[in-house]
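*Asks:* Residue numbers (the numbering used here), protein chains in the order written: chain P, 156 to 437; chain A, 3 to 279.
For the record, the hints were derived by calculation from the structure and aren't laboratory data.
One should not assume that every hint holds.
Stated by the list, open to error - Once the Cα atoms are required to be at most 30 Å apart in a straight line, the calculated DSSO-like pairs of lysine-lysine come out as:
hint, chain 1, residue 1, chain 2, residue 2
1, A, Lys202, A, Lys27
2, A, Lys202, A, Lys74
3, A, Lys74, P, Lys249
4, A, Lys150, P, Lys376
5, P, Lys334, A, Lys74
6, P, Lys376, A, Lys202
7, A, Lys134, A, Lys74
8, P, Lys334, A, Lys40
Because the structure is a prediction, the values reported are computed rather than measured.
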Amino acid sequence: MTELLLEPFRYEFMVRGMIAAVLVGFVCATVGTYVVLKGMAFYGTALAHTILPGVAVGYMVGGGERRHLFWWGMIAALASAISIGAISQKAKIKEDTAIGIIFAGMFALGIAIISTVRNYSVDLTHFLFGDILGVSNYDLVLIVVFSSVILFTVFLFYKEFLVVIFDPVLATTLRIPAKLIEYLLFILIAMAIVVSLQTVGIALMVAMLVTPSATAYLLAKRFSRMMAISILIAVVSGVLGLYISYYVQISSGAAIVLVATASFLVVWSVRMITAFVIRQAG
Amino acid sequence: MKRLAQLFIRRHSPHPDDASVVQVKNLTVRYDSGIALKDISFSLESGAQVAVVGPNGAGKSTLFEAIAGLLKPSSGEVHVYGGTPSGHVCIGYVPQRNRVDWGFPLSVNDVVMMGRYGRLGAFRRPGALDRKIVQKALALVNMEDLGKRNINQLSGGQQQRMFIARSLAQEAEVILMDEPLTGLDQAAQNDIFLILDKLKEQNVTVMVSLHDLNTASSYFQSIMLLNTNLMGFGPPAEVLTHQNLTRAYHGHLHLVETESGAMVVSDTHCDHGEHHV
């Protein structure tokens, strides 16, 4: 058994992958707790897709060199987070429509840019579905730095984020700068997305943001506990998913997301059955 | 770290003795969709309790939002204790119950504690004093035993009282209650009135928007009749006259004249409470 657990760690890329999976799970679940409570799953999906043109430009500029993709992705994500935020402030059209337009438009732009390169499909696949085993030491340093920034910011503004998403009117009468705090949350989501770009990729990103937190929502009665459970589920999903992908030979991003999804389905079913039994008994 | 945290605490504007608690001068608020409030002027003294009545879309919520500093007047001025509302953390806004998501994983204590956040500043966690204030606030609204209860397990009246407790934890000296009685049964409404009595003893200034004119005139000494313009402000008998009500409601009320003034038999406009768009 021990051998089975330790076997993957003979490879350095697996060690780096494990560290990345744990950090990404931790960060996404922390931010994701706010995302789920505020109902921003669609915003998260959209934001993840809008970083593709940034990544694509970085890919072109670097001539296929992957080193700078993180920074290009970060620039694109922050720009998108702020512009989507600004659009939703004074929307003549409905917010989700505006987000939908930007999301698809930016994604198409990204694909258009990448498709100018011959044999682009392998790299595009990596952007879309992640390449956790390709995480370099340099990538790992960036993941650690930005994860720390995100977690420290949440530590500082934990209660401000909570009051702004629960009752923005109260936040204003308490003279907490609600708009600023909201933008800060958007920026943290954007950072979390870029941090997890290599782990799960653009297409599956939203699962890291919402699935563990949604499971935790079903289990927890208190906000702090919801966040803790969410982190636990996300980290376990990351590690377990990576093991499964190693032994079963499936895509690591997909494996991680499937573990998280399975945990949600189990908790949800147990809840439904319990509720049904209680109803029958009552 | 502590000094850094201090930067995030909004300095609480002073409360000069000679200033009115709330003073509104020629307040006008325009939205893209039209004018919501026009040329409103009035002032409130400390400890006043006012019922704000008027038909749907009369601008009751808009008035509260302007006083709380949630929106900027298109013209005119709002002063609270002589300063702009945005300089004060002493203005409590009790929202309509449907304005928040009751599915949040929060206990009653958690929500009432939020009232302390403005005084805590960033980075700081609530301490023993904050917990004591929360406990006291819950005691005043008769919910001291419900602190640990999840907010989705509260009755409508309890939800409303929790929000009042939150304003108290905020140490609010002006409390604006937006339709606090909507959807509550008579017993729950009476609980709210008992709390209003206690607030009066503590000299808290309260504005309550209502749609039931009979409730307004039987419980409040002071009534503000609003329909974009200020149609009347004073004792019920002076404000709720046949003439004023017809002007404010454009014939959407069935009125019966009595010795003490006009009495409302039914209100065809507000059967199901406010319908905000």
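*Asks:* None of the hints should be skipped; say for each whether it holds.
*Replies:* Now for the hints, and whether the structure bears them out:
| no. | hint | result |
| --- | --- | --- |
| 1 | A/Lys202 - A/Lys27 | holds, 25 Å |
| 2 | A/Lys202 - A/Lys74 | holds, 29 Å |
| 3 | A/Lys74 - P/Lys249 | holds, 24 Å |
| 4 | A/Lys150 - P/Lys376 | holds, 10 Å |
| 5 | P/Lys334 - A/Lys74 | holds, 15 Å |
| 6 | P/Lys376 - A/Lys202 | violated, 35 Å |
| 7 | A/Lys134 - A/Lys74 | violated, 35 Å |
| 8 | P/Lys334 - A/Lys40 | holds, 28 Å |
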